[in-house]
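**Student:** These are the residues of each chain, in order.
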Amino acid sequence: MAKKTYDLLFKLLLIGDSGVGKTCILFRFSDNHFTTTFISTIGIDFKIKTVELRGKKIKLQIWDTAGQERFHTITTSYYRGAMGIMLVYDITNEKTFDDIVKWLRNIDEHANEDVEKMILGNKCDMEEKRVVSKDRGEAIAREHGIRFMETSAKANINIDRAFSELAEAILDKTAGRDADADHARIAVERRPSRAPPARACCS
Amino acid sequence: MNYEETKSVVQEKFLSSERVTAFLCDAKVLHPEWVKKDRLLCIVEYGDEKAVFCLFTSSYPPKSFTDLSIEIVLPIDNTFKCEIDNKPSDPEAVLYLNLQSRNNKFKFEIQMTPRVDNFVDDLFRGIEAVSKVPTQPEFVWLKKYHGKDEDDIITQFSVIPRSGVAHAQNSAPVAIRESLIKRKMYDKELEYTFTKKFTVFCGTWNVNDKSPVIPLEGWLSVDREPPDIYAVGFQELDLSKETFLFDQTFREDEWYNAVINYVDRRAKYVKLEKVRLVGMLLIVLIKQKYISHVRNVVCDTVGTGIMGKMGNKGGVSIRFDLHNTSMCFVNSHLAAHVEEYERRNQDFRDICNRTRFLQPNQQAKAIKDHDQIYWIGDLNYRITDLDPNTVKQLIKDNNFEKILEWDQLKQQHKNNNVFAGYTEGPITFKPTYKYDPGTDNWDSSEKNRAPAWCDRIFWKGEAISQLAYRSHPALNISDHKPVSATFSSSIKVIDEEKYRKVYEDVIKQLDKLENELIPQVKVDLTEIDFGTVKYLELQVRTITIKNIGKLPVEFEFIKKLDETSFCKEWLIVEPYKKCICADESCEIQLKVLINKTSACKINAGTDKLYDILVLHLYGGKDIFITVTGTYQRSCFGCSIEVLVNLNKPIKDVPVGKLIELENKRDQCVSNQSTYSIPKEIWFLVDHIYLHGLKEPNLFEQPGLHSEVLQIRDWLDSGSVDPIPGSIHSVAEALLLLLESTADPIIPYNLQSICLKASANYLQCKQIVMELPEFRKNVFLYLCEFLQEALQHSAENGLDAKTLSTLFGEIFLRDNPNQIQEPQSRINKQVIDKKKAQFVHHFLVNDHSDLIFTR
Numbered sequence: 001m002a003k004k005t006y007d008l009l010f011k012l013l014l015i016g017d018s019g020v021g022k023t024c025i026l027f028r029f030s031d032n033h034f035t036t037t038f039i040s041t042i043g044i045d046f047k048i049k050t051v052e053l054r055g056k057k058i059k060l061q062i063w064d065t066a067g068q069e070r071f072h073t074i075t076t077s078y079y080r081g082a083m084g085i086m087l088v089y090d091i092t093n094e095k096t097f098d099d100i101v102k103w104l105r106n107i108d109e110h111a112n113e114d115v116e117k118m119i120l121g122n123k124c125d126m127e128e129k130r131v132v133s134k135d136r137g138e139a140i141a142r143e144h145g146i147r148f149m150e151t152s153a154k155a156n157i158n159i160d161r162a163f164s165e166l167a168e169a170i171l172d173k174t175a176g177r178d179a180d181a182d183h184a185r186i187a188v189e190r191r192p193s194r195a196p197p198a199r200a201c202c203s
Numbered sequence: 001m002n003y004e005e006t007k008s009v010v011q012e013k014f015l016s017s018e019r020v021t022a023f024l025c026d027a028k029v030l031h032p033e034w035v036k037k038d039r040l041l042c043i044v045e046y047g048d049e050k051a052v053f054c055l056f057t058s059s060y061p062p063k064s065f066t067d068l069s070i071e072i073v074l075p076i077d078n079t080f081k082c083e084i085d086n087k088p089s090d091p092e093a094v095l096y097l098n099l100q101s102r103n104n105k106f107k108f109e110i111q112m113t114p115r116v117d118n119f120v121d122d123l124f125r126g127i128e129a130v131s132k133v134p135t136q137p138e139f140v141w142l143k144k145y146h147g148k149d150e151d152d153i154i155t156q157f158s159v160i161p162r163s164g165v166a167h168a169q170n171s172a173p174v175a176i177r178e179s180l181i182k183r184k185m186y187d188k189e190l191e192y193t194f195t196k197k198f199t200v201f202c203g204t205w206n207v208n209d210k211s212p213v214i215p216l217e218g219w220l221s222v223d224r225e226p227p228d229i230y231a232v233g234f235q236e237l238d239l240s241k242e243t244f245l246f247d248q249t250f251r252e253d254e255w256y257n258a259v260i261n262y263v264d265r266r267a268k269y270v271k272l273e274k275v276r277l278v279g280m281l282l283i284v285l286i287k288q289k290y291i292s293h294v295r296n297v298v299c300d301t302v303g304t305g306i307m308g309k310m311g312n313k314g315g316v317s318i319r320f321d322l323h324n325t326s327m328c329f330v331n332s333h334l335a336a337h338v339e340e341y342e343r344r345n346q347d348f349r350d351i352c353n354r355t356r357f358l359q360p361n362q363q364a365k366a367i368k369d370h371d372q373i374y375w376i377g378d379l380n381y382r383i384t385d386l387d388p389n390t391v392k393q394l395i396k397d398n399n400f401e402k403i404l405e406w407d408q409l410k411q412q413h414k415n416n417n418v419f420a421g422y423t424e425g426p427i428t429f430k431p432t433y434k435y436d437p438g439t440d441n442w443d444s445s446e447k448n449r450a451p452a453w454c455d456r457i458f459w460k461g462e463a464i465s466q467l468a469y470r471s472h473p474a475l476n477i478s479d480h481k482p483v484s485a486t487f488s489s490s491i492k493v494i495d496e497e498k499y500r501k502v503y504e505d506v507i508k509q510l511d512k513l514e515n516e517l518i519p520q521v522k523v524d525l526t527e528i529d530f531g532t533v534k535y536l537e538l539q540v541r542t543i544t545i546k547n548i549g550k551l552p553v554e555f556e557f558i559k560k561l562d563e564t565s566f567c568k569e570w571l572i573v574e575p576y577k578k579c580i581c582a583d584e585s586c587e588i589q590l591k592v593l594i595n596k597t598s599a600c601k602i603n604a605g606t607d608k609l610y611d612i613l614v615l616h617l618y619g620g621k622d623i624f625i626t627v628t629g630t631y632q633r634s635c636f637g638c639s640i641e642v643l644v645n646l647n648k649p650i651k652d653v654p655v656g657k658l659i660e661l662e663n664k665r666d667q668c669v670s671n672q673s674t675y676s677i678p679k680e681i682w683f684l685v686d687h688i689y690l691h692g693l694k695e696p697n698l699f700e701q702p703g704l705h706s707e708v709l710q711i712r713d714w715l716d717s718g719s720v721d722p723i724p725g726s727i728h729s730v731a732e733a734l735l736l737l738l739e740s741t742a743d744p745i746i747p748y749n750l751q752s753i754c755l756k757a758s759a760n761y762l763q764c765k766q767i768v769m770e771l772p773e774f775r776k777n778v779f780l781y782l783c784e785f786l787q788e789a790l791q792h793s794a795e796n797g798l799d800a801k802t803l804s805t806l807f808g809e810i811f812l813r814d815n816p817n818q819i820q821e822p823q824s825r826i827n828k829q830v831i832d833k834k835k836a837q838f839v840h841h842f843l844v845n846d847h848s849d850l851i852f853t854r
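Residue numbers (the UniProt record's numbering), protein chains in the order written: chain B, 1 to 203; chain H, 1 to 854.
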């Protein structure tokens, strides 16, 4: 059955403190797989997954970043070009929640201005160890006008939903532009030009 | 900033595969609407292709590639022209460069410098190379430097940063993926379809230029149940010259309306398509309730008549998809005449080869690319080698089998010369040709032709069974009788729910495949601690990168954003770029060497032994590799002003204190300082003075590296043991120490004055008088010592000339950061001579007056 289709490519980025479960979220989403062994991500990795939204096939390229403090300066340089950012904290770890503000500031400084954001409170299956209430997560999201969801990569709660909602938000933004323009936008990543305009009036 | 440094900044603007082969600073563009100045011209080479770029720089000279923006791109192709004029008012100093490429012309004003020759040479080499190549270069690589509009060459385009998110996997092969999905879905068709029987009615009639003056229900409406699909074909609809020449006929509508009128009235039909070529008409109708399941209706016509092209013979076809089954109907009129069966075979092949169904965004389909094919028509094959009267007699006896043995089509079909792979049902009806029109009598003309089954129906495809194959002799207006066949055909119908599931599985599989093909490596160490690192002592660590993916992987250590090099200057990574095959490994050596430049920076606290390397896999991830170490501070690489303030071995001085002293070295004054010269210099000089003045080849024979390192440790730790090593090693350590000081003994800014004054001892003395205090002390102290050494020239073989050359280089060190034209060999010799001359004065003259002025 040959439906008229074209692919859109959305780039998403997972950021947040080390150990909040970014890689697990990505694995659950892409491979429907979960492992309890913790291996710290030392760098930037990605996986792809195709989803269908409103009849459109959308390829998500999801970048997983190293959360460790010492890599922050480097990882911020990967923000540019991302169309959506998932900001992850761990509901059983107060500090990872407190750092959300820091990550938001990072996004403001380094990401595209129109990037779609979403806050995820991960590990919501570990109710007995919870230290950050859902209300606090919702409050900070509301304060910054961002979507929010509690997730569990382990129990597979809200993982697919989170990604489709983020992708849908990006789709809403790109609606109105045609697919070709979208492809062009992805293919050519222009740096903000710091040089003055070349065409200048000569006295 | 010198030429090479500027060049490397310009190179940064381009990809590493795009090499800047020549460039000119200080160019002006002469364009009525533009600011003239601050342009750079460069020639960039990519493979065999070259182009001239004009760059605008926001700071002059450019400090970083972000200062540059590409303004003009002129590919050097066969349209490229270059003309050079002198500026009439200033012919010696200024050139005009007229460059033209494609339809763009630009004039540049260039300052006449020796570089211009290089640039112009390179330009003409490029033009010459293009003229020798037979094929024109394509300049695909330039596309990214153009704007959307190819002709709009003025763009502000910056190169995509080489690291990071933006780089990877942008060009997802969407098209390949699409066809892969299609292919996979086709393979799994059985999983999401079920079959449903459709009845297909096929009818063919050569109407011999007649109008439909009789009812047709005896042909079209004879089955028990109304068929689901009608495919009705006519031949010789109109034999007029006009139709043949202009392909226009009113008969098309006449016969079409007749068909519409006489199809089975028990069901409602709609037209799918009709197609006509001269006298051949094919009409396909379908029950209205199925029309929504039909897609991609396309038709085509092929003429095989006169000259193999005209439409008096040939075939017309209609294809479409019903549910998930592709169907094709062909109505053909093949070459006439009894003996021409080879020609008919050829017509069949031509129709097969030349029929092309074009669909938007899809590869054209041929007849054979369909699940079900129904081929009808006046195929014109005859009965050979049987006497017409015998044939007629056999027909009378109803002995068709006997005659069919001599049927050309049966014979050719059996031998696979025509309709290979097709099936025809058993013929149980009388030949359909040739009758006297209006009767059931055989042709009574003089020709006395043998009757023949000209009008036939074939099919090809799975799950088709013929229900009927018959002629309709009552319709007698033509010299042919109409023929029809009905089929029960299995059509694959999609189960939407199952389809979705299979489709999702396919997508999932492809995603999985794509994820598996992302390059993957395993790096055995991502944190490398070099431990204690000492001055000038090389340390090596090895890491292993193993390709654990399925494809070869290319890695490269890439620059972090806004950095000019992928690692710190004290680190060497070998190899920094390589391709590793699947399951193979590559060892990478990381070498740390602290030389004077990096020692100075570390001592001053502007650098430390810490770096994060970004190991990038092309098309894949980035891995961060952290390199650390602890630098053991040494007197090498310290400032003289710092050393004179250290009253204990440097090893015992806290790092923070050292950094503080380095940063305050300009405020260092004599009355607060511990020594008048660094004790380390004194130790080394004193040792040579006491033990080595008579040593042959003093300062000329190199020491042992290992001993120099021991002496370094001895100086840094303040050992009470005697200085280790030979005199030559001590002498070398002294030279290395003097060379490594953060600032040279004669400050950089005084160097040119010294060189100018070098012939005049009094002036030289004057300069030395004005040196910063501790440097003056060191200078005079060393000169005194060297004078002493020269006293023993008989033994140590030294002469003033050698020593002044050696120490001239040390006292008057060149500033590594200064912008200067690269020195020619001759020029360098002159400067070196002057440096030696300057020092020479102080080795042969008594300058004790200077010492006592203190």
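If you are wondering where the hints come from, they were derived from the structure by calculation, not from laboratory data.
Be aware that a few hints might be false.
Derived pair list, reagent style DSSO-like, types lysine-lysine, alpha-carbon separation capped at 27 Å [claimed, not checked]:
id, chain 1, residue 1, chain 2, residue 2
1, B, Lys56, H, Lys508
2, H, Lys550, H, Lys568
3, H, Lys657, B, Lys57
4, B, Lys56, H, Lys274
5, B, Lys57, H, Lys184
Here are some of the chain B residues that sit facing chain H, going by a computed Cβ distance under 8 Å [as the list claims (entries may be wrong)]:
id, residue
6, Phe34
7, Ala66
8, His72
9, Arg136
10, Ala139
Restraint ranges, calculated between C-beta atoms of paired labels, are given here [stated by the list, open to error]:
id, chain 1, residue 1, chain 2, residue 2, range
11, H, Lys144, B, Thr37, 23 to 31 Å
12, H, Val297, B, Thr37, 29 to 37 Å
13, H, Lys577, B, Ile39, 24 to 32 Å
14, B, Thr37, H, Glu497, 32 to 40 Å
15, H, His31, B, Ile39, 39 to 47 Å
C-beta atoms are modelled at their ideal positions from N, C-alpha and C, and glycine is treated no differently.
**Student:** With reference to the structure, classify each hint as holding or not holding.
**Tutor:** Hint-by-hint comparison with the structure:
1. B:Lys56 <-> H:Lys508: holds, 16 Å
2. H:Lys550 <-> H:Lys568: violated, 33 Å
3. H:Lys657 <-> B:Lys57: violated, 63 Å
4. B:Lys56 <-> H:Lys274: violated, 35 Å
5. B:Lys57 <-> H:Lys184: holds, 17 Å
6. Phe34: violated, 16 Å
7. Ala66: This interface hint holds because 6 Å falls under the 8 Å limit.
8. His72: Nearest chain H Cβ about 11 Å off; hint violated.
9. Arg136: violated, 31 Å
10. Ala139: Nearest chain H Cβ about 30 Å off; hint violated.
11. H:Lys144 <-> B:Thr37: 23 to 31 Å: violated, 43 Å
12. H:Val297 <-> B:Thr37: 29 to 37 Å: Violated, since Val297 of chain H and Thr37 of chain B (Cβ atoms, about 58 Å apart) do not stay within the stated range.
13. H:Lys577 <-> B:Ile39: 24 to 32 Å: holds, 27 Å
14. B:Thr37 <-> H:Glu497: 32 to 40 Å: For Glu497 of chain H against Thr37 of chain B, whose Cβ atoms are near 38 Å apart, the range 32 to 40 Å holds.
15. H:His31 <-> B:Ile39: 39 to 47 Å: At 58 Å between Cβs, range violated.
Of the numbered hints stated above, those contradicted by the structure are hints 2, 3, 4, 6, 8, 9, 10, 11, 12, 15, listed in ascending order.
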